[in-house]
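Line by line, the protein sequences are chains A and B. For what it's worth, numbering that gives the first Met the number 0 labels the leading residue of the first sequence as 0, then goes sequentially. For what it's worth, numbering that gives the first Met the number 0 labels the leading residue of the second sequence as 0, then goes sequentially.
Because the hints were derived from the structure by calculation, they are not lab data. Nothing here was measured: the structure is a model prediction, and the numbers come from that model. Treat each hint with caution, since some may be false.
One-sided and incomplete, this derived list gives chain A residues near chain B with beta-carbon spacing under 7 Å [claimed, not checked]: (1) Val2; (2) Gly4; (3) Pro44; (4) Leu47; (5) Val58; (6) Pro60; (7) Cys92; (8) Pro94; (9) Val95; (10) Asn96.
Beta carbons: idealized from backbone N, C-alpha and C, even for Gly.
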Amino acid sequence: MAVTGLCGHRNLHRLELCLLPSADLFAATPGTLRLRITNRQRYIPVYLFEIRIADHKVVVPAIAACSSEVVDIALTMPKRGKQQAPMIHVSSCFPVNFFVRSYQYCPPRTLLVYPRPLASPLPVHQNSRRSASDLQIAVPGGDGDLRSIEDYRPGDPPRAIHWKLSARHDNLKTKQLNRQAAVTTMIDLQQFDGPLEERLGRCTYLVNRCFHQHCAVGLVLGAKRFSPAVGRTQQLRLLKELALYE
Amino acid sequence: MSNLQRLLNWLLYGAALLAILPVLPFVALWVQLFLGAGLIVGLLRSRMEWSQRSSRLAVLVTSGAVVVSGLQLTMTDVALPLVQVLCILLAARLASEKTPRNMLQSFVLALTLLAASSLLTLDMIYLAYLALMILMLSAGLVLLSFVDVDPAIRLSDQAFKGLTFFLLAIPLTTLVLMAAFFFILPRTPTPLWNIVGQERTAAAGMSDQVRPGSFSDLASTGDIAFRAETAELPAQLLYWRGIVLDQIDGQIWRRSNRHPDEQFRTEGGAGHELVIFAEPKSDPYLVTLDRSERLQGVSHRPESDGVFVRQRQDYKRTSYRAVGWPQGVASLNGSADFYLNVPATLSSQVRQAAAFIKAETLGFAERIAALENFFLEQRLSYSAEDLPRTESPVATFLFDSRRGYCEHFASAFAVMLRLMDVPTRLVGGYLGGTYNRFGKFYLVTEDRAHVWVEALNDQGEWVRIDPSRLAVNADQAFSAAVAERSYLQSVTDALFHSWTRRVLNYDVQQQFQLLRESSARLARLRQLNFSRLTGVVMFLSLACAVTLVWRRYWGTKDKGLLHSYLRQVARCAGLKRLPPALGLYQLATLSGHPLCQEFAESYGPVLYGGKELDPAQRKRLRDVVHQLKKERFVIEVALPQSLGDNGRSE
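Hey, can you work out the whole structure from these sequences and the hints?
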């Protein structure tokens, strides 16, 4: 008993946990939390320990000495906004399952939880004038409106050459077009009916949908207005605003 | 089935076998068959269809078997029925499904069965069984904890190698602690298992009667009678006294109930301290060196004729201490007429021979010498085979067959001495023994049982005489009587004796003795030379300091490699040492040497990124350091200490 007790005590000794950036977390939606577990012991591996958050657990069979392992553990955050990272319970029954050693780790981090996405169609009413200007995406492309005329550079596609203009000049000129994107979407919170959380959820859903469809999406949140843009950065920016909106 | 589960199964069956082997010779045949069936069903279970009906049937059969075994339980026989019940339960559990709970129960049953086997037999091999059981049990429980968490869990080869360290370290540490606790935990005066232990069937011990002529053949047995721890003694002193037979009825010598008034004087040097370890036997006589006094360690009654009688017969191995005085003298106070009685039915031939010798001689010494001459003239030979069975054993021995063993010689000699008015008695015991130099003890076997004569001289002192040595073939008979033990046997004897002495017979008295010896040693330590002790302490402190400094700066192979590289670069650049703030990459740039560049690229991630070198990289970097020995280059570096300004190294 003494020997196994000592082995059990040493097993969780110098085990470090660290939260890593993980997938987006949405309120009341199953997500994952990424953890890096590092064994700081110089010679002794760590065996058979369990990481638990609420009802979800992950069993790690072994981590070698001076090594790390990254695990994803299921997590469901109830509310949106900035939430304190949940308590992580680390336990191990090593070596003989007579004693179960454990400790609790409270990560000194807050998690940004986005609103729970609720499936929603795009609102019908759109300000056409605003839409027309909002369709302008200052991203070079090949199928949109003419954006500028520039001198030919080696490597430019032949079909981009503006022949008529080139004839009037001594060197070749090329057309720089905007990208003909899909319909640019401007989402306004006020356009949706229902409680605030539902409206935020619909907006979240639409932002995610536009991102996946590579559409430009913008957002109007009360007095705040965010111009349409594409890309992951825009998505995160909008989701953050939705998460923190009061 | 994962690799862990497979290994766990093997450990389980190994532990079960270790538990079953010691008890197998003792349990009934049907229990042996039950065990075999349990093992086989357990091995084949995964391939069998096992319905609920089969489970119910198995439970019924097991319950029946337990009840049958339990009914054999009696107040005097507890051990064997208990062991049989455990065997049945183990067999049933081995045959059941291999769930973690069932496997844990199987391990516990195996351990309990091995412990219970000590009630039946406690040979030295038990230690090996116990050590292996601890090993298997510990390893099994560790693996079981993995399988319990996740039956499909798998470990990589490297992780498994690391786990092997625990699988060995836990049982080995446990065994060391068990050995330490064995010596210090409180003990009872009597081993606890004696309460439920079986009565042993006692081996044939020394007889309390001498009946020459009753047996035609004396079977020799190599059973061990006792071991006696003492310094090696001259062969002529190796007479082990057991019983005194002073009364002859017809042909039979017996011990009378008399308590003669005798006095024993210890003379002739210091006594020999002995510790006797006697095997279980049926007679109550405690064998010691001829003659001994002051028995300790066993409840006994000392008789005035040098015989020690055990007061409580428990048919167990016994150990006791004695002090032997082989040169001591025992004298008889009072009348010696009792020791002159001879049977009325004694042969006239014997009487005539004795009368003739008596008439020719005067005094004790002359009569002894004359009788010895008579024996020699009769050309008697020592033999234990094909002896005539007769109503007149003395006469037949002396005048007809002229063959016999120690009982014949001693009986005839004693009778004739008595006829010659020399008080005489027989002493039964053992002669000789094989000295085991490993364990420093005499090993005396049953076939060394011997009978000799004690005659009372004119001064009233008992004198030992061994008439068997008057046989014409005495040298041959006594040297060939017992085959010498081989080297392996001697080592085994010594180990077994250690086992008996230090484990089986380790009781509360020995604990106190150990405590006293430890205190004495501790007292001696206080008288140590302090200057010497100071020197030792200083040396140890220096060694610790050196070790700590080394670990800090060169604690790992990689750190040592880095220091070698930096020293080498400094040497190449003609510097005593490099500035401490100079980084690896900076050094590589300043030197401009491709080897330095290579070293920085390989070692940089280790130093700054916490990565580890693999063996191939380490070898290559060692080669780089070695190649740098032949290089010379210049480093533009600020060295305020060595050059005084931003100079250039040469």
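Here's how the hints hold up against the structure:
Satisfaction of the interface hint for valine 2/A is found here, the shortest Cβ-Cβ separation to chain B being roughly 5 Å, below the 7 Å cut-off. Checking glycine 4/A against chain B by beta carbon gives a least distance of about 11 Å; that is not within 7 Å, so the hint is violated. Below 7 Å, beta-carbon pairs count as interface contacts, and proline 44/A has one with chain B at about 4 Å; its hint therefore holds. Here the hint on leucine 47/A is kept, as its CB sits about 6 Å from the closest CB of chain B, short of 7 Å.
Taking 7 Å as the C-beta contact cut-off toward chain B, the hint placing valine 58/A at the interface holds, the least distance being around 6 Å. Taking 7 Å as the C-beta cut-off, the interface hint given for proline 60/A holds, the closest approach to chain B being about 5 Å. Because the beta carbon of cysteine 92/A sits about 5 Å from the nearest beta carbon in chain B, less than 7 Å, this interface hint is met. Hint status for proline 94/A: holds, given a least beta-carbon distance of 5 Å to chain B, under 7 Å.
This hint holds: valine 95/A has a C-beta 4 Å from the nearest C-beta of chain B, less than the 7 Å allowed. Interface hint at asparagine 96/A: satisfied, since its Cβ lies 4 Å from the closest Cβ of chain B, which is below the 7 Å cut-off.
Comparing the model with each earlier hint shows a violation of hint 2 alone; every other hint is respected.
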